[in-house]
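Visitor: Chain by chain, the residues:
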Amino acid sequence: MTDTLAKTPLHDWHDRHQGKLVDFAGWAMPIHYGSISNEHIATRQNVTLFDVSHMGRISFEGPDAADLLNHILTRNVLKLRPNQVRYSVITNESGGILDDVLVYHWLDSAASPRYSLVVNASNRNKIVQWIDDHRGSFDAKLIDHTTQTAMIAVQGPKAIQTVNQLDASIPFAEWKYYTGQPVSFCGLDCFISRTGYTGEDGLELTIPAESALGIWEQLIEAGQAFQIQAAGLGARDTLRLEAAMPLYGHELDEATNPIQADLGFAINWDHEFIGKAAIESAANAALDRQRIGLMLDGKRVPREGYSILDAAGQPLGTVTSGTFAPTLQKSIAMGYVIPSAAAVGTELFVDIRGRHEAARVVKLPFYNRNSFSKGS
Amino acid sequence: MKPEELLYAKTHEWAAIEDVDGQKIATIGISAFAVEQLTDLVYMDLPQVGQQVTAGDSFGEIESVKAVSDLYSPVTGEITEVNSSLPDKLEVFSDDPYGQGWIMKVRISDESSLSDLADFAAYQKQCAEEG
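Sequence lines, in order, name chains Y and W.
The first sequence lines up with residues 1 to 376 when you count with the numbering used here.
The second sequence lines up with residues 1 to 131 when you count with the numbering used here.
Next up, chain Y with everything else stripped away, as it sits in the complex (with noise of 0.2 Å):
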């Protein structure tokens, strides 16, 4: 089944060290390594690795690279300080979102500055086609990086001190979150950043792809002391869903603008960019249905595409993603519904196979490192 996919630089480790491979957007991605449920524990109390090579990683370089991407994204990268990373959505002219990316502004030590966009693996040449098709008159070129790097996402209360046994001279600790910078790491040319998709602390590592098993290996080494472990894409779909992070093709797809989705935060205004009209009269109107999370009494798991309803049984919207959630010990989601229904406290119902399930309209995100007592 997977001869046909991509394999990032780390495949064969997955393989042998029993990594459950599937198909992920057309990368063999190793879903777990035994237990989703341990490997995410481990990511909320110590340090695991995530593999995510399968990213995009597209940087852009000349005169035009910051009005090419103002042009396409919602933030304003004029705003961007050096080494700052942001959050940021793509969308088309109707306001429909094509990805949701992060974009990064390098502190090169040449002298032009340089972005660097991470998008997802699915929407990878989408976004690539989608920034050429409105590259107009901007003096920009757009280099695409995701083979010949590898990306290792090191998360948990313990990722800085694992990655500085390996290379100490680099400061991470002083690192503001959503910063990173291009490092001589270990000797390699890396980009690094303090950031991740797990709702933890932690550290993006970008390295040439002929190094990422070395790296990847001292890192399983170094982390020994802190019962470091290998996670994969279960873990993070996990992780990712207690810290109420949107996950593309769930929460969010191109009949799904940023004010629904509740990314009003990732646009700034004060720039023109392909799909502002749209939002801007969105963000105007009366919303039609709006992302929420719920959390349900019992143990049974409201999956994609679940209905909510109401006690009556009449449908108000729809899960789009669900899961048991390890840390919390609760049965979660998010999903859209109409926003009369979407105030938190409010009792909702999810037909889960035929039984309607209660649940209730909690504030997002279920899970935030910084008030969650880990005294249990």
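For the record, the hints were derived by calculation from the structure and aren't laboratory data.
You may find that some hints are simply not true.
Unchecked claim - Mimicking PhoX-like on lysine-lysine, the simulated pairs with C-alpha atoms at most 20 Å apart in a straight line are:
id: 1; chain 1: W; residue 1: K66; chain 2: Y; residue 2: K299
id: 2; chain 1: Y; residue 1: K330; chain 2: W; residue 2: K66
id: 3; chain 1: Y; residue 1: K176; chain 2: Y; residue 2: K79
As the list claims (entries may be wrong) - Reference excerpt, derived from the structure (chain W facing chain Y, CB under 10 Å, subset only):
id: 4; residue: E18
id: 5; residue: V42
id: 6; residue: D45
id: 7; residue: A67
id: 8; residue: P87
What the hints assert, rightly or not - Some chain W residues flagged as far from chain Y (calculated, every beta-carbon gap over 10 Å):
id: 9; residue: A32
id: 10; residue: T54
id: 11; residue: G56
id: 12; residue: K89
id: 13; residue: V92
id: 14; residue: G99
id: 15; residue: A128
Note that beta-carbon positions come from the ideal geometry of N, C-alpha and C, so glycine has one too.
Please arrange chain W on chain Y, whose structure you already have, making use of the hints.
Guide: Same frame as chain Y, but now just chain W:
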């Protein structure tokens, strides 16, 4: 129970058949292979004592973090007993799938479907192909 002595459905349930006072009683569970494939079990529904089950038909469901799976009865008959402590300690499925992890006992009413079940060697071969 020894896995070598059990019969297996293609859908990964096991059955241990005993003669009790001239009646055939099947104890039913799910295989270690199935537990490993499901991973991270979080919820299951037990069937009711007295309920009729049919070989190959669903008698319940089991949920993991990632997915929900149907449980299929390997035999036809009436449920005489269920392991009522199981839903509160799903970890026994991984700790002791052929012992404390039993799900239900069924008084077999029609033995014809038993010939569809695989022995240990044939089942191991199936798992090797799926794994």
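Visitor: Hint by hint, which ones does this structure get wrong, listed from lowest number up?
Guide: 4
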